[in-house]
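K.L.:
One letter stands for each residue in the lines below.
Protein chains: 2
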Amino acid sequence: MQVFEGERVPLQKVKHVSVLRFVTEVNRQILLRKRPVGVPAVGDFEAASAAVSVPEAGEVLLKNLYLSIDPAIRGWMSDAKSYLPPIGIGEPIRSGTLSQVVESKAEGWPVGQVVQALAAWESYSVVSSQMLHGKVEPIKGIPLSTMLSVLGGTGLTAYFGLLEVGQPNAGETVLVSAAAGGVGSIVGQIAKIKGCRAVALTGSDKKCGWLTEKLGYDAAINYKTTDVRLALKEACPEGIDVFFDSVGGEILNTALTRLNYRGRVVVCGAISQINEAELPPGPSNYLQLLAKSARMEGFTTLDFASRYDEARAELARWIREGQIHYRDDIVEGLDEAPSHLLRLFSGEHRGKLLVKLTDAEGWE
Amino acid sequence: MQVFEGERVPLQKVKHVSVLRFVTEVNRQILLRKRPVGVPAVGDFEAASAAVSVPEAGEVLLKNLYLSIDPAIRGWMSDAKSYLPPIGIGEPIRSGTLSQVVESKAEGWPVGQVVQALAAWESYSVVSSQMLHGKVEPIKGIPLSTMLSVLGGTGLTAYFGLLEVGQPNAGETVLVSAAAGGVGSIVGQIAKIKGCRAVALTGSDKKCGWLTEKLGYDAAINYKTTDVRLALKEACPEGIDVFFDSVGGEILNTALTRLNYRGRVVVCGAISQINEAELPPGPSNYLQLLAKSARMEGFTTLDFASRYDEARAELARWIREGQIHYRDDIVEGLDEAPSHLLRLFSGEHRGKLLVKLTDAEGWE
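As they're listed, the protein sequences go chains A and B. For what it's worth, the numbering used here labels the leading residue of the first sequence as 1, then goes sequentially. For what it's worth, the numbering used here labels the leading residue of the second sequence as 1, then goes sequentially.
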């Protein structure tokens with residue numbers, strides 16, 4: 001990746017995009033200023049302006065349209081070892097994005113194409129084509145932003161995590177933590193489509209109401225105001241077959257005690273632990289896995305990259321048929337990204353958090 | 001199950017067995033006197049004599065020949081919820097056994113048949129036919145006691161745990177804790193048969209030597225004298241694909257950090273925790289399952305009950321072909337059972353612990 005110099009813009013390749021605006025713009029970025037201690041603070045980020053880079057062979061230059069605000073970002077801000085390296089200090093915050101190709105040196109990714117990408121919190125990103133997770137075409141009646149929520153990484157996480165890792169069977173009980181979040185709100189609805197009993201864990205009565213009344217969860221537990229052990233006994237009278245967990249900590253530990261024979265714990269995340277400086281204790285009830293011949297399994301959507309199109313087609317059908325309802329929580333402007341991320345941890349949001357940067361060119 | 005009264009012995013059914021000895025004998029038992037606190041002590045048990053019971057419909061009367069001394073017994077002595085109810089105070093200690101049918105009211109289980117059973121520490125047991133886990137026929141060149149070790153629950157645990165839960169592929173690295181124990185000593189050899197690199201964790205240099213020199217482990221780590229994290233780095237240079245864990249605690253937690261993408265942790269037990277009064281913390285590194293798209297899965301051999309014969313046939317073939325070596329650690333006399341169980345926790349033993357009560361009648 002080279003730093004862009006004005007005279008090197010390959011103008012002849014920029015077809016569908018407003019060249020005039022592009023060449024006069026700088027790349028606005030949000031950088032990692034320092035690694036957060038505990039819950040991230042606005043001071044962990046800093047805004048910056050840089051020259052726009054040009055792509056080399058196998059790369060594309062993207063204009064970022066929407067940023068996907070996910071718990072994974074908090075993980076990448078730490079220097080813990082994970083499936084991707086940590087974000088470096090002074091680097092733009094890594095993020096799922098919805099972007100438009102404005103210059104391409106990667107075959108099959110033409111200028112003007114709207115894509116799902118793993119890029120960053122910045123106006124423009126240069127990425128290798130491996131970071132492009134799919135082409136996005138307009139779907140009648142479905143807003144573009146949905147491509148980052150139900151039809152993006154969020155929906156894919158719910159889809160593959162529940163169906164492939166959790167393997168729910170009709171008639172089984174599926175428990176979902178962080179159920180009002182972007183992923184959790186979809187998981188419960190897929191569980192219902194598959195004929196399961198769906199039970200939600202969430203942090204407010206308002207969210208409980210939304211989950212049972214609008215999204216079709218069979219029961220919802222406010223873990224902040226109830227004894228979760230007793231509430232689970234009541235809400236899951238036949239035990240838990242699949243626990244789709246994005247929370248970890250005491251919620252996971254308690255749910256393990258209600259797991260059925262051959263139960264499955266889908267480890268999607270641990271938002272209760274993600275801000276801890278010291279690694280908190282693991283689930284002391286993990287030996288329930290032995291007692292119940294059960295399993296606990298992690299995953300990322302990358303494990304299923306070859307099947308994204310199939311999953312998106314099915315999710316789009318469920319939206320059109322009214323079997324999946326959703327709400328996206330969208331703010332506008334790159335500078336809003338840090339404070340929107342912090343809302344993930346305050347538990348105030350419902351549905352998927354997105355930051356809109358700009359509209360796609362040439363789209364309605 | 002009724003208490004035996006002398007005159008009710010159905011003599012006509014007792015064919016292959018010395019009736020005279022049977023009717024004059026009482027049932028010698030080892031009972032659970034009180035639930036252990038921490039490591040079990042001899043005082044937690046008490047010897048007793050009772051009348052021999054007679055079986056009702058669907059039951060058999062067994063003469064117990066060998067007792068299988070397993071960590072699971074310690075679990076059953078606690079009142080924690082598990083896949084089987086706890087042993088009641090005053091009840092004989094539940095145990096895997098090799099036994100001979102001396103009276104049968106269960107179709108297909110004739111008098112004289114030697115069987116693997118889930119019975120108890122006593123001379124005679126009355127059990128339902130569901131507690132009979134297979135018929136035992138003489139195999140040339142293989143001692144009867146092997147039917148409780150490599151060809152019994154121990155071998156079946158190694159076989160199904162490694163092959164079905166662990167699913168090792170040729171060229172992968174299989175790490176085994178408690179590797180010198182009954183199960184672990186077999187797991188490593190099956191891993192080698194399947195073309196894997198087998199790495200042992202055990203508690204003495206002597207056992208390390210036995211594992212690498214006699215059993216074919218590629219490397220063995222004495223966890224008591226080395227930094228396990230560094231030793232694993234050296235012994236598993238390409239990471240861990242399958243961790244067959246019977247130990248839990250810090251060993252499990254450390255191994256999780258070396259797990260490969262799509263790694264599998266086979267949860268066979270947690271001997272390091274089994275004597276703890278309070279549930280110790282779980283593995284704080286469990287989120288490695290998320291980072292590595294890995295899984296942690298428990299099992300018992302009962303999950304594979306329909307396939308015992310297939311597994312025993314393959315294990316017997318491996319013994320005959322010299323691909324599996326083993327040693328059984330056998331003491332004689334029912335009264336030795338409690339102290340033999342305690343040796344499980346002192347880490348002094350190599351191979352499978354057995355207590356011999358008597359010979360089978362009509363066998364060589």
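Quick caveat, the hints were computed from the structure, so don't treat them as lab data. We put the beta carbon where it would ideally sit given N, CA and C, even for glycine. Just so you know, not all the hints are guaranteed correct.
[As the list claims (entries may be wrong)] If the Cβ cut is set under 8 angstroms, some of the chain B residues that face chain A in the computed set are: (1) Ser78; (2) Lys81; (3) Pro85; (4) Gly282; (5) Leu287; (6) Lys292; (7) Arg295; (8) Thr300.
[Unchecked claim] In silico SDA-like pairs for lysine to any residue, Cα to Cα no more than 20 angstroms straight-line: (9) Lys206(B) - Gly239(B); (10) Lys233(A) - Lys206(B); (11) Lys233(A) - Thr212(A); (12) Lys81(A) - Lys233(B); (13) Lys81(A) - Asn285(B).
[Claimed, not checked] Anything over 12 angstroms on all C-beta distances counts as not near chain B; from chain A, calculated: (14) Ala72; (15) Pro110; (16) Ile139; (17) Thr226; (18) Asn253; (19) Val265; (20) Gly269; (21) Glu276; (22) Glu278; (23) Pro283; (24) Asp303; (25) Glu314; (26) Asp328; (27) Ser339; (28) His349.
K.L.:
Please verify that the nearest CB of chain B lies beyond 12 angstroms from Glu314(A)'s CB.
P.N.:
22 angstroms, holds
K.L.:
Does Lys206(B) pair with Gly239(B) here, judged by a C-alpha cut-off of 20 angstroms?
P.N.:
Violated, at roughly 25 angstroms.
K.L.:
For Ala72(A), is the shortest beta carbon distance to chain B beyond 12 angstroms?
P.N.:
10 angstroms, violated
K.L.:
Is the Cβ of Asn253(A) farther than 12 angstroms from every Cβ of chain B?
P.N.:
7 angstroms, violated
K.L.:
The output says His349(A) does not contact chain B. Does that hold with a beta carbon cutoff of 12 angstroms?
P.N.:
22 angstroms, holds
K.L.:
When you look at the beta carbon of Val265(A), is every beta carbon of chain B farther off than 12 angstroms?
P.N.:
9 angstroms, violated
K.L.:
Report holds if the minimum CB distance from Glu278(A) to chain B is greater than 12 angstroms, and violated otherwise.
P.N.:
For Glu278(A), whose nearest Cβ neighbour in chain B is about 9 angstroms away, the distance does not exceed 12 angstroms, so it is violated.
K.L.:
Does Ser339(A) really sit off the interface, with its C-beta more than 12 angstroms from all C-beta atoms of chain B?
P.N.:
The claim holds: Ser339(A) sits with its nearest Cβ about 26 angstroms from chain B, beyond 12 angstroms.
K.L.:
Are the Cα atoms of Lys81(A) and Asn285(B) separated by 20 angstroms or less?
P.N.:
11 angstroms, holds
K.L.:
Holds or violated: is there a CB of chain A closer than 8 angstroms to the CB of Thr300(B)?
P.N.:
Holds: closest Cβ of chain A sits about 6 angstroms from Thr300(B), inside 8 angstroms.
K.L.:
Is the nearest Cβ of chain B still more than 12 angstroms from the Cβ of Asp303(A)?
P.N.:
5 angstroms, violated
K.L.:
Quick check on the hint: Lys292(B) CB to chain A CB, less than 8 angstroms?
P.N.:
7 angstroms, holds
Figure legend: structure checked against the earlier numbered hints; hints not met, in rising order: 1, 3, 9, 10, 14, 18, 19, 20, 21, 22, 23 and 24.
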